[in-house]
Structure formats: C-alpha cells, structure tokens
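A.B. asks: Next come the chains, spelled out residue by residue.
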Amino acid sequence: MKKLLSILALLLVLGCTQDEEFIVVDENQEVPEALFIEDLVGIKLSSSIVSDRVAMNVKLPSDGNYRVKIRHSMTNELISQEKLTGKEGDNILKVYVNTLEKSSYKLELTKENHTVVGVTLFSKF
Amino acid sequence: MKKLLFLLLLPFGLLAQQGYLSHSYIDGDSNGFVVGQEITVKFEGIQGSGMTPDRVHFDFEWNNKLLEYVSHTFNPTSGLPSDAQNSWTMWNGYRFNPLNFYAGVAVAESDLDLQYDQGWLNRGEGSYSSVADWSVGRVIIQSASDLPLSTEWIYVKFRIKDRQGIGYDNYNNVTDLNFAGFEDISTSSGLYDVNAGTENISLANVSGVNAGNVTINLNSAAKSQYATDFTYAIYAADGVNGRTGNAIETGNFDANGQVITSNLIVDEKYYVEIKVSDQATWLDDVLTITDAFIIFKQGNATGASGPGDTTSQNTFDYSLQYLIGELNNSGNITPADAYQALGHVQGVEGLSEWFTNSTNGSKNVWGRVEQLGVSTNDYYFGQKYIIEPTDAVKSFNFGHALIGDVDFSHGYAPTAEGSSFSTTSQAQARMSVTSRALSQAVESNLDVISELIDGKVHFTINLQEEGVVGTQFNINYDDTILTLDNVIFDTGNTMTNFANHKQQQAKVNIGSLDQSGEVSIKTGNAYKLIFTPNETLQNTSGLVTFKLTEGIKADGQKVQFIIK
Chain A
2 MKKLLSILAL
12 LLVLGCTQDE
22 EFIVVDENQE
32 VPEALFIEDL
42 VGIKLSSSIV
52 SDRVAMNVKL
62 PSDGNYRVKI
72 RHSMTNELIS
82 QEKLTGKEGD
92 NILKVYVNTL
102 EKSSYKLELT
112 KENHTVVGVT
122 LFSKF
Chain B
88 MKKLLFLLLL
98 PFGLLAQQGY
108 LSHSYIDGDS
118 NGFVVGQEIT
128 VKFEGIQGSG
138 MTPDRVHFDF
148 EWNNKLLEYV
158 SHTFNPTSGL
168 PSDAQNSWTM
178 WNGYRFNPLN
188 FYAGVAVAES
198 DLDLQYDQGW
208 LNRGEGSYSS
218 VADWSVGRVI
228 IQSASDLPLS
238 TEWIYVKFRI
248 KDRQGIGYDN
258 YNNVTDLNFA
268 GFEDISTSSG
278 LYDVNAGTEN
288 ISLANVSGVN
298 AGNVTINLNS
308 AAKSQYATDF
318 TYAIYAADGV
328 NGRTGNAIET
338 GNFDANGQVI
348 TSNLIVDEKY
358 YVEIKVSDQA
368 TWLDDVLTIT
378 DAFIIFKQGN
388 ATGASGPGDT
398 TSQNTFDYSL
408 QYLIGELNNS
418 GNITPADAYQ
428 ALGHVQGVEG
438 LSEWFTNSTN
448 GSKNVWGRVE
458 QLGVSTNDYY
468 FGQKYIIEPT
478 DAVKSFNFGH
488 ALIGDVDFSH
498 GYAPTAEGSS
508 FSTTSQAQAR
518 MSVTSRALSQ
528 AVESNLDVIS
538 ELIDGKVHFT
548 INLQEEGVVG
558 TQFNINYDDT
568 ILTLDNVIFD
578 TGNTMTNFAN
588 HKQQQAKVNI
598 GSLDQSGEVS
608 IKTGNAYKLI
618 FTPNETLQNT
628 SGLVTFKLTE
638 GIKADGQKVQ
648 FIIK
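Just so you know, the protein sequences line up as chains A and B, in that order. So the first sequence is numbered by the working numbering: it starts at 2 and just counts up by one. So the second sequence is numbered by the working numbering: it starts at 88 and just counts up by one.
One thing to keep in mind: the hints can contain errors.
Using 27 angstroms as the maximum straight-line C-alpha spacing, the simulated DSS-like pairs for lysine-lysine come out as follows [said to hold, decoys possible]:
(1) A:LYS125 with B:LYS152
(2) A:LYS88 with B:LYS651
(3) B:LYS152 with B:LYS244
(4) A:LYS103 with B:LYS594
(5) A:LYS84 with B:LYS543
(6) B:LYS634 with A:LYS103
(7) A:LYS103 with B:LYS362
(8) B:LYS651 with A:LYS112
(9) B:LYS594 with A:LYS95
(10) A:LYS107 with B:LYS615
(11) A:LYS103 with B:LYS589
(12) B:LYS543 with A:LYS125
(13) A:LYS88 with B:LYS543
(14) B:LYS651 with A:LYS125
(15) B:LYS609 with A:LYS84
(16) B:LYS589 with A:LYS84
(17) A:LYS125 with B:LYS634
(18) B:LYS651 with A:LYS103
(19) A:LYS107 with B:LYS362
(20) B:LYS362 with A:LYS84
(21) B:LYS609 with A:LYS95
(22) A:LYS112 with B:LYS615
(23) A:LYS84 with B:LYS244
Covered stretches of chain B (chain A as the covering partner; in silico rule of three or more C-beta atoms under 8 angstroms from a C-beta of chain A) [what the hints assert, rightly or not]:
(24) 165–175
(25) 492–505
(26) 630–638
These are calculated hints, taken from the structure and not from any lab test. Remember, predicted model here, so these are calculated numbers, not experimental data. All residues carry an ideal CB built from backbone N, CA and C; glycine is no exception.
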C-alpha cells in the first residue's frame, strides 16, 4: 500500500512539473530537445535571443569544477563569470541576462584552469 | 619681300598708332567680390590720335568656368549715334590663338588690329581652337557717323562662378581681348592701329568660394570605441576665438573620428565645437581610480620643505591637467578636487557639477592640436577653436579631453610644443605620477567569480598583483533575483576601502585607495559581495556582472587587470 501511495505521489509531482523547468538532472532525466548536445562535452542555450533568462545545458565529461563565462562578442571582454560544480553529463541550468546591455555575447564553458571546452553565442534584446 | 616691306613700314605703323580698345568692370571692388555676384564689363574705344571709326568689330573671350554670361546691352549710356547698328554673337567652347609672329617679327597679343587682320581675318584655319573652358563674344557696331570714343559701347554682364573643384585657384585673367578692326568706312581709312587698353580682367578678393571637402580630424583615446558619440557644430567665427550666430552645420563624427564637410567657404574663419554626447553610456567610466590618485597627488602637493611648506608643487606633466583636474571649479587643484574624484569613483551622489559623469554630462575641452595645452592671451589653455580653410589647407586636427580625465584615458594628451612640463630639465629629472599613468599599463591576473555557497551568491575578487595601492570595481547585479547582504574586505588592516551601493540602480562600486601610496592592498580574496536570492537557484551565470576594473600602483603605474 505504501509503495502504491509513493508511486501515486511521484506521478502527482511529475504531473505538476513543467516540461521546460528541469532543474535536477539525473541519468534518466530527459533533456529538452532544444538543449540536446550530441557530443560528450559542450554548452548550449535553448534560445540564442534572450531578454531575461534562458535555459542552458552544460554537458560535462566528468564531475568537477568548471567555469561559465560571459564575454562581449566583439571585444572578448569578460563581463561575468560563474564557478560551478557540475556532474558528468547534462546539467540543465540558467543564464540570467537582466544586467547585460543589449548586445551580442559569447558564452564559454571552461575547465577550472580556463581551458575552453565549449562555446556558444547569444544576443540580448 | 613681304618681310622687308613689313620691316620698312613698321616704324610708320608705330607712328600711326591711333587708338585703343579697352574693357573693365564698372562695379565697386573696395570690398572685393562674392561668388554669385554679377559684374558688368564695359567696352569702349579710347582715342590715341586722330581715330574716327564708324565701324568697329572686336572679339573677346571669357573663362566660362569662372564667369557665367548673363546678358549684354548695347549703347547703355545712349552715347552712340541714333543710327548705330550693332551685332552680338557668342560661341561656347572656343579660344583665340593669338598670332605670335608675322613676317618673322614677334607680334604682341595687345596689337589688336594686327591680330584682327593677320591673326584672324587672313589667317585661315587656326585662329580659334576648341577649348571647353572659354567662350567668345563678337561685337560689331557701325554707323553713318563717327562712333564716339571714351563712351560705353556695350555692357556685358557676367555672374562670378565658384571656382572650387574645377582646376582654378584664382580669378586672374578671366577675360581677354582677342582682336579689333576699327575703320572709318566713309573715308576708306583702312584699319586703325588699335592696341589693347586693358587686355585682361582679373578679379581679386573673390569671397564665397566653396572650400570643397574640409576634414576635421578628432584626436582622442575614446574615439577607438566611441567615435560616433562625439558631436560637432560649426559656427561663423567672431573675433580671435569666438563664434557668432547659429550653427552652420552640426552632426556626429564618423566611425573613424572624422567630419568631412563641403559647406564651408575658402578663406573664411569658423569656430568648431566638439563635444561628447551627454547620452553616451560611458561617461561614468571616464574618471577612474587612476585619475583620483593623480588629482590627489597634485591636490595635496606641498613645498619642498615638507608639510609646513605650503608652496604649491607641480606633480602634473601637462598644464592642461590643471584645467582637466579642476573638478569643483574653484580655480585651483586642491584636496577638494581629490574628494570629488574619489567620491565619483565610490559612486557618491551630490558631487560637483563641473566634471564629466552621467549626471553632469560631458564637460569638454578641445582645440587645435598645434595649440592645445599652450595658453596664450587668446587661447585659454590653448583651446584654439578656429579653422580657416584655404586652397592649400583643408584638413584640421583637433584634440579633445574631458574634465576629470587627467590620465587622458578617454582624451588626447597634448603634443603641442610647450604643452608638456616634461620638456623642462626639472621635470625630466623625475618620472611623474602622470607620465607613469600614461605609460603602458602593467598587466595583472585577476580572478573574479560568482558561485553558489549554501544557497547564497558569493561574488569574489581575487587580487594577485603585489604593490597595488588603488583599485576600482564597478559591479552590477540582477536585483530582480538578488539582494545585497554584505560586503567583506580583506585588503589589509590599514587600507582605506570603499563600497557604495546604489540600490535603485543595482550597482555596487567597491575598491580601495591608499592616498599616500605607501600601503599596498593585500593580495588574495580582497573583496567579497554576498547576495541572497529570492528564488531557488541552481547556478549564478549572469547574475553579477562587472563593467570597470582598474588598479594603480604607488608610482602611478596603471594596472590593467586581466580577467581570464
């Protein structure tokens, strides 16, 4: 009976979750198509034109510390940098762009030692 | 044989010289002429001795690039006989080829009757050539009675054209008398000897000539990124360095920091105003920690005898810095200016209105580079605003600086002779704070990261350079998600730190400055901001951004932080 209630409760929770609001990713979690990365490592946004916040997939080759950097796409000037601890595989996160001026930016994924392992572009409008 | 006869008869011919054909403008010329003005040219015969023509025929020509034919009027003063008949014919695109030699003897162009008889009438082909720039007018007047001399026979009106861009740099010899055949038909006199009175007309002092493309070049460190934020306005000059009336032309500099205008008049003086748009987004970045340090050094400079010696000592490299560093308009660089500068760096509000920032707008200093920074009675701090395009000079270089920017990071360090103190032996003996600030910045790694720690967002600045006495970091955060909780300094026990939180703008200005330059900022995690999010976060990308990061060492050496 307890097992049945647990399953029902889990179904109820999953039923209330929006498709695009995945936060915690485990091995069995489905990655939204817009964020799917075929390679073993990389970074991808659900949209390259952003006004407020946008979902981001950071796919890592192994667990560990990484950096996500936002650079101006013309000057390469570093504008923001996050240090995060990620898990191997897909990590569904967010990029917040409220403080950015309207322009075009590069989003870089690097190892702790600044070695770039992925890059993508987006524009703030 | 002809040659012999010509030579034998030549003296008699000279003795028989009997008159002149002359032409001249009747307009007053004391104030010169203006492009577009109409001028009237009169033609008349002038008595030499015994000349009584009743038929005159003469050709003349004018440069149609410089003069536009408007009209002609025979007998304009009613001095001709009532039965006088006249004829006017004109051709465009021709020019007379004067006869240079006849029968082996040189012939003057001014010998109009010989040019008529042998240069044209009996010359056959070759008297006229096709020349696009010239037009020919032919005048014939005849009467049963003698035509009066020293009486206007015909007026020809021309309009003065703009010579810009057509290959002429003056209005000399715009007309030319080609030849003249004067006769007394009634007595079969044959041709009178007629020389040119005034053979050519030249117009001096023609104003209103378009100057063509005049280039104004902007010199400023800021133009590499922000050239189009610079505006210009051109006025008519007034006096040595003033202006009058409304702007003739306004606009923005192009991406190369140039203005090319074709609306100016050659030999006219113009006042050129150069400003940075008050809407430029970078005005708050002009005055930085480096400028504050330089101003502080000068504002607190004392005499050589130490603190008790109030004799002002110079620490600047350029006299122009006394203008640019004068932030409170008191007339001197004092500690109060340093307070204003540091207040700006810290983001303090309610500061002086006299220096450049986003609240005050741009406060501009500009002038011709050959004068900028060298004061004279006419040019305050060498700000010479005047240009005068000529045929030879059509390009002008202006330097621009902003009040507050004493290290010229967004301006032009003067280059005019005498603008720098560093040319003096005293100044050469030292390496000033300014000159170090203007020299190549030392690069230093800086690690700036945001991260989630126990549900809060930590923003950390890790300083790795030794010997830094001043830093400035302008930080923005997303206040729709974050609330600033705390700012933690770990810069050393005696360091003066600042943190100004502009909550409504979601900005934090933090940094440190040891104004004496004696204490360095401790390396390591010198600054930390802690934010509390109002929603559950999984990461922090983009929540905290940094716009301006700068450091300075005790000797004035600027530190360029390299954030990997």
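A.B. asks: So, for every hint listed, does it hold in this structure?
C.D. replies: Right, here's what the structure says about each hint:
1. About 57 angstroms separates the Cα atoms of LYS125 of chain A and LYS152 of chain B, which puts this hinted pair outside 27 angstroms; it is violated.
2. This hinted pair checks out: LYS88 of chain A and LYS651 of chain B have alpha carbons roughly 23 angstroms apart, not beyond 27 angstroms.
3. For the proposed pair LYS152 of chain B and LYS244 of chain B, the alpha carbon gap of about 15 angstroms is at most 27 angstroms, so the pair holds.
4. Between the alpha carbons of LYS103 of chain A and LYS594 of chain B the distance comes to roughly 17 angstroms, so the proposed pair stays at or under 27 angstroms and holds.
5. Restraint check for LYS84 of chain A and LYS543 of chain B: the C-alpha separation of about 13 angstroms stays at or below 27 angstroms, so the hint holds.
6. Distance restraint check for LYS634 of chain B and LYS103 of chain A: the Cα-Cα separation of roughly 14 angstroms lies within the 27 angstroms cut-off, and the hinted pair is therefore satisfied.
7. A threshold of 27 angstroms between alpha carbons decides the hint, and for LYS103 of chain A with LYS362 of chain B the separation of about 25 angstroms falls inside it, so the pair holds.
8. Restraint check: the Cα-Cα separation between LYS651 of chain B and LYS112 of chain A comes to about 12 angstroms, which is no more than 27 angstroms; the hinted pair holds.
9. Restraint check: the Cα-Cα separation between LYS594 of chain B and LYS95 of chain A comes to about 22 angstroms, which is no more than 27 angstroms; the hinted pair holds.
10. Under the criterion of a C-alpha separation no larger than 27 angstroms, the hint pairing LYS107 of chain A with LYS615 of chain B is consistent with the structure, at around 25 angstroms.
11. Among the hinted pairs, LYS103 of chain A with LYS589 of chain B is consistent with the structure: their alpha-carbon atoms are about 21 angstroms apart, no more than 27 angstroms.
12. Of the pairs offered as hints, the one joining LYS543 of chain B and LYS125 of chain A holds, with about 26 angstroms between alpha carbons and a cut-off of 27 angstroms not exceeded.
13. The straight-line distance between the Cα atoms of LYS88 of chain A and LYS543 of chain B is roughly 20 angstroms, inside the 27 angstroms bound, and the hint therefore holds.
14. Proximity of LYS651 of chain B to LYS125 of chain A is assessed by CA-CA distance (about 22 angstroms); at most 27 angstroms being required, the pair is judged to hold.
15. Only pairs whose Cα atoms come within 27 angstroms are accepted, and LYS609 of chain B paired with LYS84 of chain A is accepted, the gap being roughly 23 angstroms.
16. Distance check on the hinted pair: LYS589 of chain B and LYS84 of chain A sit about 26 angstroms apart at the alpha-carbon level, within 27 angstroms; holds.
17. Of the supplied pair hints, the one linking LYS125 of chain A and LYS634 of chain B holds, its CA atoms being roughly 16 angstroms apart against a limit of 27 angstroms.
18. This hinted pair checks out: LYS651 of chain B and LYS103 of chain A have alpha carbons roughly 23 angstroms apart, not beyond 27 angstroms.
19. This hinted pair does not check out: LYS107 of chain A and LYS362 of chain B have alpha carbons roughly 33 angstroms apart, beyond 27 angstroms.
20. Distance check on the hinted pair: LYS362 of chain B and LYS84 of chain A sit about 42 angstroms apart at the alpha-carbon level, beyond 27 angstroms; violated.
21. Straight-line distance between C-alpha atoms of LYS609 of chain B and LYS95 of chain A comes to about 34 angstroms, which puts the hinted pair past the 27 angstroms bound.
22. Using a Cα cut-off of 27 angstroms, the hinted pair LYS112 of chain A and LYS615 of chain B holds, with the two alpha carbons roughly 23 angstroms apart.
23. Proximity of LYS84 of chain A to LYS244 of chain B is assessed by CA-CA distance (about 84 angstroms); at most 27 angstroms being required, the pair is judged violated.
24. Under the rule that three or more residues need a Cβ within less than 8 angstroms of chain A, the assignment of the region 165–175 of chain B is violated, with 0 such residues.
25. Counting residues of the region 492–505 of chain B whose beta-carbon sits less than 8 angstroms from any beta-carbon of chain A gives 0, not enough to reach three: the coverage restraint is violated.
26. Coverage of the region 630–638 of chain B by chain A holds in this model, with 5 residues showing a Cβ closer than 8 angstroms to a Cβ of that chain against a need of three.
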